[in-house]
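J.: FYI, the numbering for the sequence shown is 1 to 67, going by our numbering.
By construction, these hints were calculated from the structure, which means they are not laboratory data. Don't take each hint at face value.
Calculated pairs, EDC-like style, for lysine to aspartate or glutamate (alpha carbon to alpha carbon, straight line, at most 20 Å) [unchecked claim]:
no.	residue 1	residue 2
1	K5	D67
2	K6	E52
3	K19	E61
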Amino acid sequence: MAIMKKLPGRLHPLKGVRKGEWAIGLEHPQRLILVPVADPLPLSEDDWLDLEKISAIRILEIVDYHD
Numbered sequence: 001m002a003i004m005k006k007l008p009g010r011l012h013p014l015k016g017v018r019k020g021e022w023a024i025g026l027e028h029p030q031r032l033i034l035v036p037v038a039d040p041l042p043l044s045e046d047d048w049l050d051l052e053k054i055s056a057i058r059i060l061e062i063v064d065y066h067d
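Whole structure, please, built from the sequences with the hints as guidance.
T.: Laid out in structure tokens, this is it:
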């Protein structure tokens, strides 16, 4: 998943009811929504998701969640 940080669209974690999901901006206002696939999720020493150790994702949807 770390390689996705280099893509255009700014990979970023979501908050609130979408906590655990991540988004990448597509053509405004659409977002690609995904979740990392791992059990358990690998965490870094500072308790943040270790993106280097995520090798699979599940794409949930393409949506404008700002509505």
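J.: Now look at each hint and say whether the structure bears it out.
T.: Against the structure, the hints come out as follows:
no.	hint	result
1	K5 to D67	violated, 25 Å
2	K6 to E52	holds, 13 Å
3	K19 to E61	holds, 15 Å
Comparing the model with each numbered hint stated earlier shows that hint 1 is the single one that does not hold.
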